[in-house]
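End of the sequence shown = 155 in UniProt numbering, gap-free, step of one.
Derived from the structure by calculation, the hints contain no laboratory data.
Keep in mind it's a predicted model, so treat the numbers as computed, not measured.
Incorrect hints may have been included.
[To be verified] If you anchor each label on the Cβ, the simulated ranges turn out as follows:
#1 LYS30 <-> ARG57: 37 to 45 Å
#2 ASP91 <-> ARG132: 31 to 39 Å
#3 LYS30 <-> ASP91: 40 to 48 Å
#4 GLY116 <-> LEU141: 17 to 25 Å
#5 GLY81 <-> ARG126: 39 to 47 Å
#6 VAL134 <-> SER97: 39 to 47 Å
#7 LYS30 <-> LYS87: 17 to 25 Å
#8 GLN70 <-> ALA22: 37 to 45 Å
#9 ALA41 <-> THR107: 13 to 21 Å
#10 PHE99 <-> ARG25: 15 to 23 Å
Note that beta-carbon positions come from the ideal geometry of N, C-alpha and C, so glycine has one too.
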Amino acid sequence: MDRFLSNAVNRIDSKGRVSVPAHFRSVVQKRGFTELYALRALDIPAMDVGGLDLLDRYEERIAQEDPFLQTADDMSFFVHGDGAFLKLDQDGRITVSDFIREHTGITTEVAFVGRGLFFQMWEPERLAVHGRQVRERLSKLRQAAIAVRAPGQAE
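Start from the sequences, fold in the hints, and give me the full structure.
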């Protein structure tokens, strides 16, 4: 398995550390990540976390922009200024810093959510609300697609 899949909730210890789920750590190990890149998600209260390939993907996109235009500058500010490196200790824990807490609202527990090539860190209740909203949006899209099908087509 070389993708971040599933989800888990872990408690933050008294030193402000949280264990990254074992199945996520195995992906980190298999993909050869020595450190993790974390970025404050743009429009949700979550952290996107992955290896240097995640940062590379964003930087490739920035390189496509005209460096003299505001878009490139804004993208760089976001990717580099709202990003940080996280270190996994020998026990597979990361420190939940103020940088993470301020954006996510995380206090005592962290919800980890697989997103394929990266994972997200959420405050568990905020994740539950977001999950309901996502399912609702997808359900509406599905219903709209069914409504426009020609009569007699199977669902």
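Cross-check of the supplied hints:
1. LYS30 <-> ARG57: 37 to 45 Å: For ARG57 against LYS30, whose Cβ atoms are near 19 Å apart, the range 37 to 45 Å is violated.
2. ASP91 <-> ARG132: 31 to 39 Å: holds (34 Å)
3. LYS30 <-> ASP91: 40 to 48 Å: violated (18 Å)
4. GLY116 <-> LEU141: 17 to 25 Å: Hint holds: Cβ distance 20 Å, inside 17 to 25 Å.
5. GLY81 <-> ARG126: 39 to 47 Å: violated (23 Å)
6. VAL134 <-> SER97: 39 to 47 Å: violated (27 Å)
7. LYS30 <-> LYS87: 17 to 25 Å: The hint (17 to 25 Å, Cβ to Cβ) holds, given that LYS30 and LYS87 are roughly 19 Å apart.
8. GLN70 <-> ALA22: 37 to 45 Å: holds (43 Å)
9. ALA41 <-> THR107: 13 to 21 Å: holds (18 Å)
10. PHE99 <-> ARG25: 15 to 23 Å: holds (21 Å)
The structure fails to meet hints 1, 3, 5, 6 from the earlier list, while all remaining hints are met.
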